[in-house]
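Take the sequences, apply the hints, and build the full model.
Every letter in the sequence shown is one number past the one before it in the numbering used here, and letter 35, counting from 1, is 27.
To be clear, the hints were calculated from the coordinates, so they are not data collected in a lab.
Quantities reported herein were computed from a predicted structural model and do not represent experimental measurements.
From the three backbone atoms N, C-alpha and C, an ideal C-beta is built for every residue, glycine too.
Wrong hints could be hidden among the right ones.
FRET-style restraints, in silico, Cβ to Cβ [stated by the list, open to error]: (1) His157 <-> Arg121: 25 to 31 Å; (2) Thr173 <-> Trp76: 39 to 45 Å; (3) Ala61 <-> Pro115: 17 to 23 Å; (4) Leu74 <-> His157: 54 to 60 Å; (5) His147 <-> Ala61: 52 to 58 Å; (6) Asp104 <-> Gly140: 24 to 30 Å; (7) Glu84 <-> Val106: 19 to 25 Å; (8) Leu133 <-> Gly156: 25 to 31 Å; (9) His172 <-> Ala98: 30 to 36 Å; (10) Leu71 <-> Arg110: 27 to 33 Å; (11) Arg171 <-> Gly140: 56 to 62 Å.
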Amino acid sequence: MNDDEYSATVLGSAWISGPPSPQTYVAPDRADGSVLRFGPGVTAAVAPFPVEVPPATARPRRAGLRRYALAAAVLVAVLVYLLWQRHGPGVEVREVAVSTDPAGPACGEAADVVAVVRTNGRPGTLVYRWVRSDGTRSDRLTERMPQGRREATLHLLWTFQGPGHYPAEARLEVLEPARHTAAVRFTYDCAAP
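Next up, the structure:
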């Protein structure tokens, strides 16, 4: 038998995979002229099975944009929420209440008048003043309300001295963001020693 007529590689591949179809590419069993490749190097020179090369397909550009659409929508929603928190509607006063010890202060002591201002929890500044029944009026005072704080506690210390009987009234006037007023009455009663 002549070496040019016999090829174990082609015979083996014909038995395993059958004859090659016209649409597939099968590598030749010979390379470099008359050198026959077999053994461990056969797979590099001869494809044992028909190799089909799929056609190249282009990816549409919109698929990348759609992939990030949800993340972009969430980011925009968070930014809108943060802007609304910072620049949205400001603090609103919902309720104002003023109280003190109904028995009044003892001789020569101070009455602690406490005002509780309830708000909507938005950030802003309360502008207020205290007005006393003796004609004294405080300057304009401010209380900063951070985001989420729904209550401000404001104090007035009104000191009384000496003997006497005095019906007193302390009034809180909230000036900004809108006018609100609340008052409390008590009596200073101190007998002469």
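Q) Measuring from beta carbon to beta carbon, are histidine 172 and alanine 98 in 30 to 36 Å? A) 31 Å Cβ-Cβ, so the 30 to 36 Å window holds.
(Q) Taking the Cβ atom of leucine 71 and the Cβ atom of arginine 110, is their distance within the range 27 to 33 Å? (A) 30 Å, holds
Q. Is the distance from the Cβ of histidine 147 to the Cβ of alanine 61 consistent with 52 to 58 Å?
A. 54 Å, holds
Q) Holds or violated: 39 to 45 Å for the Cβ distance of threonine 173 and tryptophan 76? A) 31 Å, violated
Q: Note whether the CB distance of leucine 74 and histidine 157 lies within 54 to 60 Å or breaks it.
A: 57 Å, holds
Q | Whether the CB-CB distance between arginine 171 and glycine 140 falls inside 56 to 62 Å | A | Violated: the Cβ-Cβ distance is about 25 Å, outside 56 to 62 Å.
**Q.** Satisfaction of the hinted span 24 to 30 Å by the C-beta atoms belonging to aspartate 104 and glycine 140
**A.** 27 Å, holds
Q. Is 19 to 25 Å a correct range for the gap between the Cβ atoms of glutamate 84 and valine 106?
A. 21 Å, holds
Q. Could one say that the CB atoms of leucine 133 and glycine 156 fall in the range 25 to 31 Å?
A. 28 Å, holds
Q | Range hint 17 to 23 Å (beta carbons of alanine 61 and proline 115) holds or violated | A | Given a distance of about 33 Å, which is not inside 17 to 23 Å, the answer is violated.
**Q.** Assessment of proposed distance window 25 to 31 Å (beta carbons of histidine 157, arginine 121)
**A.** 27 Å, holds
Hint compliance for this structure: hints 2, 3, 11 are not met, and every other hint is.
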